[in-house]
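Listed below, chain by chain, are the residues.
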Amino acid sequence: MSTTTTTPAPAGAGPAAAAKSPGRSLNLNAVLVEGRALIALIIIIAIFALLSDNYLTAGNLTTITKQVAFNAIIALGMLMVILNGGIDLSVGSAVGLTGAVAGNLFRGVDLPLTDAVMFPKLWVIVILSVAVGMLVGWLNGLLIARLNLAPFIVTLGMLYVARGLTQVLLNGQNITNELSGDPVLGNTGFFTIFASRPLGLPLSAWVMILFAVVFSIILTRTPFGRWLYATGSNERAAQLSGVPVKRVQTRIYVLSGLCAGVVGILQVANISSSTADLGQFYELNAIAAVVIGGAALSGGRGSVRGTIIGAFVIGFLANGLVIVGVSPFWQQVITGAVIILAVAVDQIQQIVQRRRNARRAVANARQANRESAAASG
Amino acid sequence: MKILSGVEQPSGGQLVLDGEPVELTSTTDAVARGISIIHQELNLCSNLSVRDNIFIGRELRTRTGAIDYGTERDITAALMARLEEPIRPGTLVQDLRVGQQQIIEIARALAADARILIMDEPTSALSASEVEVLFKVIRDLTAQGVAIVYISHHLEEAIEIADYAVVFRDGDLVATEKAANIDLSWVVRQMVGREADYDFREEPRNYGEVALSIQGVTVADPDSGRVVVNNVSIDVREGEIVCLYGLMGAGRTELMEALAGRDAISGGRVLLGERDLAGTGIAGRIAAGLGLVPEDRQRDGLVQMMSVGKNMSLPSLLSSVRNFLITRRTERESVAREIVDVRVKTSSPDALITSLSGGNQQKVVIGKMLLTQPKVLLLDEPTRGIDVGAKGEIFALLFREAKKGLAVLYVTSEVGEALTASHRILVMSKGRVVKELDPRTCTRDEVMAASGESDLEHHAAGAAAAVTDSGTAASESNGAHQ
Numbered sequence: 001m002s003t004t005t006t007t008p009a010p011a012g013a014g015p016a017a018a019a020k021s022p023g024r025s026l027n028l029n030a031v032l033v034e035g036r037a038l039i040a041l042i043i044i045i046a047i048f049a050l051l052s053d054n055y056l057t058a059g060n061l062t063t064i065t066k067q068v069a070f071n072a073i074i075a076l077g078m079l080m081v082i083l084n085g086g087i088d089l090s091v092g093s094a095v096g097l098t099g100a101v102a103g104n105l106f107r108g109v110d111l112p113l114t115d116a117v118m119f120p121k122l123w124v125i126v127i128l129s130v131a132v133g134m135l136v137g138w139l140n141g142l143l144i145a146r147l148n149l150a151p152f153i154v155t156l157g158m159l160y161v162a163r164g165l166t167q168v169l170l171n172g173q174n175i176t177n178e179l180s181g182d183p184v185l186g187n188t189g190f191f192t193i194f195a196s197r198p199l200g201l202p203l204s205a206w207v208m209i210l211f212a213v214v215f216s217i218i219l220t221r222t223p224f225g226r227w228l229y230a231t232g233s234n235e236r237a238a239q240l241s242g243v244p245v246k247r248v249q250t251r252i253y254v255l256s257g258l259c260a261g262v263v264g265i266l267q268v269a270n271i272s273s274s275t276a277d278l279g280q281f282y283e284l285n286a287i288a289a290v291v292i293g294g295a296a297l298s299g300g301r302g303s304v305r306g307t308i309i310g311a312f313v314i315g316f317l318a319n320g321l322v323i324v325g326v327s328p329f330w331q332q333v334i335t336g337a338v339i340i341l342a343v344a345v346d347q348i349q350q351i352v353q354r355r356r357n358a359r360r361a362v363a364n365a366r367q368a369n370r371e372s373a374a375a376s377g
Numbered sequence: 378m379k380i381l382s383g384v385e386q387p388s389g390g391q392l393v394l395d396g397e398p399v400e401l402t403s404t405t406d407a408v409a410r411g412i413s414i415i416h417q418e419l420n421l422c423s424n425l426s427v428r429d430n431i432f433i434g435r436e437l438r439t440r441t442g443a444i445d446y447g448t449e450r451d452i453t454a455a456l457m458a459r460l461e462e463p464i465r466p467g468t469l470v471q472d473l474r475v476g477q478q479q480i481i482e483i484a485r486a487l488a489a490d491a492r493i494l495i496m497d498e499p500t501s502a503l504s505a506s507e508v509e510v511l512f513k514v515i516r517d518l519t520a521q522g523v524a525i526v527y528i529s530h531h532l533e534e535a536i537e538i539a540d541y542a543v544v545f546r547d548g549d550l551v552a553t554e555k556a557a558n559i560d561l562s563w564v565v566r567q568m569v570g571r572e573a574d575y576d577f578r579e580e581p582r583n584y585g586e587v588a589l590s591i592q593g594v595t596v597a598d599p600d601s602g603r604v605v606v607n608n609v610s611i612d613v614r615e616g617e618i619v620c621l622y623g624l625m626g627a628g629r630t631e632l633m634e635a636l637a638g639r640d641a642i643s644g645g646r647v648l649l650g651e652r653d654l655a656g657t658g659i660a661g662r663i664a665a666g667l668g669l670v671p672e673d674r675q676r677d678g679l680v681q682m683m684s685v686g687k688n689m690s691l692p693s694l695l696s697s698v699r700n701f702l703i704t705r706r707t708e709r710e711s712v713a714r715e716i717v718d719v720r721v722k723t724s725s726p727d728a729l730i731t732s733l734s735g736g737n738q739q740k741v742v743i744g745k746m747l748l749t750q751p752k753v754l755l756l757d758e759p760t761r762g763i764d765v766g767a768k769g770e771i772f773a774l775l776f777r778e779a780k781k782g783l784a785v786l787y788v789t790s791e792v793g794e795a796l797t798a799s800h801r802i803l804v805m806s807k808g809r810v811v812k813e814l815d816p817r818t819c820t821r822d823e824v825m826a827a828s829g830e831s832d833l834e835h836h837a838a839g840a841a842a843a844v845t846d847s848g849t850a851a852s853e854s855n856g857a858h859q
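If you read the protein sequences in the order shown, they are chains A and B.
Residues 1 to 377 in this note's numbering are what the first sequence spells out, letter by letter.
Residues 378 to 859 in this note's numbering are what the second sequence spells out, letter by letter.
Everything labelled a hint here was simulated from the structure, so no lab data went into it.
Incorrect hints may appear among the rest.
Claimed, not checked - Coverage of chain A stretches by chain B, computed from C-beta distances (three or more under 8 Å per stretch; other residues unrestricted):
| # | segment |
| --- | --- |
| 1 | 211–224 |
| 2 | 230–243 |
| 3 | 305–315 |
To be verified - Coverage of chain B stretches by chain A, computed from C-beta distances (three or more under 8 Å per stretch; other residues unrestricted):
| # | segment |
| --- | --- |
| 4 | 669–683 |
| 5 | 687–696 |
Cβ coordinates follow ideal geometry from the N, Cα and C atoms, glycine included.
Model the full assembly from the supplied sequences, consistent with the hints where possible.
Here it is in structure tokens:
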């Protein structure tokens, strides 16, 4: 099994891997687009490294990586949805809901008709919570694929529904103490596992790497991935080629929900608390990462590699702005400008490419004309 | 064409208008200089009225800056009178027939004082009587001094209406001639660079078992509630090529899409061999051996963002899968074999599908269905918008596959094709199969009469005289135009 993903080591390793993609002359443009995100990343790192000595320290890089990982995992799910030409605005709320469900399961479930309270085991809690995230996605997918509702509206509605349910479950109180579990109840070990740092990297970074590899294989090596690109580019043609377009559409929202659920668990462990505003605006950061990574919002174009780079661009930028002491208000202005700049450069690049193609075609035709004239004369 | 209408700029050369070199920087610029274009796909906003469509982008203003609806309405009414179409200015475009919508496009060009009118395949969606109206309008316009560039792959039409013929092939101008001096075979010769009188008629053979049996199929359009296919029964045998001839709107495409499994049938049965296909989806039908090559290549046939190879392997992808993963070598090999087999001219399987010519794109669409090893192949207008040479190659391919046992049912609206490239002709009209003909014995007129087309012959006789010397109509026959 050959891996096609660039594992996003924080600088250095990326450029070489992105530049040479053997046998992919077709995706020249895609490579250029990703190359552009990579150049942006390098420029950002260079600027902030010059401005602050605290930027390129091991401690800070770890902090960045942890933050990037949360966004990157969500963005991978978002990439699937965007490749299909859809959008998932509900992921942030799904993160919150997953966290709230996990918190409540730690607190114990009152069994109906009895006085008993059930305390599920740790692994049951984790699976059930992530399943809730997937359930949110599945509902999105069902409404979008089977009822032909607009993804924007469905997931916007789900954003409110899931956030509301989060608040209902937490009832105005954060859940913090119960998360440690109780040896008597047999649900301990949450932080030991989910806030651990194997080999010095936070667990979330490992999950990001795992997801990047798996999603990359899904996209490039499985029929599902091919079908996803096909439906995103031309759904009618895909359908007439026998692609199960509805099933593909439903599944990508489930995958997006899965990513949100996993981040929900990791984030609760990270901040040691289940709060009602957990995951707010995550959907926007994820969309930004996917777009900076070269994906087309209309579907059919985008890659795991680009998305991961996009997430790092946002992460390094946000962190750098904090470190050099830019005011939080201006941070937002700059982040927004970078996102717009990314898509504008993408568009300009395509225009230039088209002009260049036209010029080359004309030169070739002239050459052919001269040759045929020479041959006949 | 895009250059003439100002959509794109030329990479070289110049345009000369009234003796002066001009540069058209935008469509508004072109319109201001009197050049208007009517595209094959009509550019009308169907939710707006006729008046609004005619003045769209050039709305007349009153002194306050509001739209001057009164004047717009009067001008529209005057234009309709000039074009002899009794359409009220307030009518919504969506309520008009396609032929009438085309008249609106012409009116819009006239409202902009067009002196040069470019028409791209204007008759592709028209019935015979509507074509007649259009031709009358064209003659009136040329009499009034409007020059018309008439782009068509419908050769008879082009010869009938034009004063000068200009033939394009693969982006090169290959011939110019006065229409009076040319005939059909001249045009065809110029287009292919050789005589392309393909004729695939063969003696009847012993065909195999019934491969596809359509029994009393009825299809209703859920939007309009109309019955578009009415109690159609067709048997196609192994190795047989059946041509379904009919005009646009006769229910041919609806029948094809219902057979492919996209639309539900409201009555009747479809049997593939012995198997009833009720409840089987598109993927299931492809797996069972029934594939469709759809009519609209760009909309339904191709995934534009993908390469030639990935388009080719899409329907048969699962056959290259081992352990949930696509075996790239298997995929590449079968694609490479099929590219040779259907003679696609491409630099590589990794070339973008959009870089191919129309004929080669069509071969990819046919090839991708052949890769699924079908028993029955349905083709809806398989030669639409491709040049004569590629047409011949596609039919040669179908006849070759038929000899190996493939059953073929294809739809066409070109009589010539029906007569020269089928074993049996079925004529469809208003949702029904109205006649069965033998291509070796029947005539052009028989086929057209059965389909409900009026006889174009007497109408052609008066054509040449109607064009006056004040205006010029030129025809451009373009094999692979944009």
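Verify this for me: three or more residues of the segment 669–683 of chain B with a beta carbon less than 8 Å from a beta carbon of chain A. The restraint on the segment 669–683 of chain B holds, since 10 of its residues have a Cβ under 8 Å from chain A and three suffice.
Within 8 Å of chain B's CB atoms, at least three CB atoms from the segment 305–315 of chain A: coverage verdict: Not satisfied, violated; 0 residues make the cut.
Three residues or more, CB to CB closer than 8 Å: is that satisfied between the segment 211–224 of chain A and chain B? Three-residue rule met by the segment 211–224 of chain A, so holds; n is 4.
Claimed coverage, the segment 687–696 of chain B by chain A - three or more beta carbons nearer than 8 Å: Since three or more residues must qualify, the claim that chain A covers the segment 687–696 of chain B holds, with 5 doing so at under 8 Å.
Quick check: the segment 230–243 of chain A, covered by chain B? Criterion 3+ residues, Cβ under 8 Å. Answer holds; 12 residues pass the 8 Å Cβ test.
Going through the hint list in order, the structure does not satisfy hint 3, though it satisfies all others.
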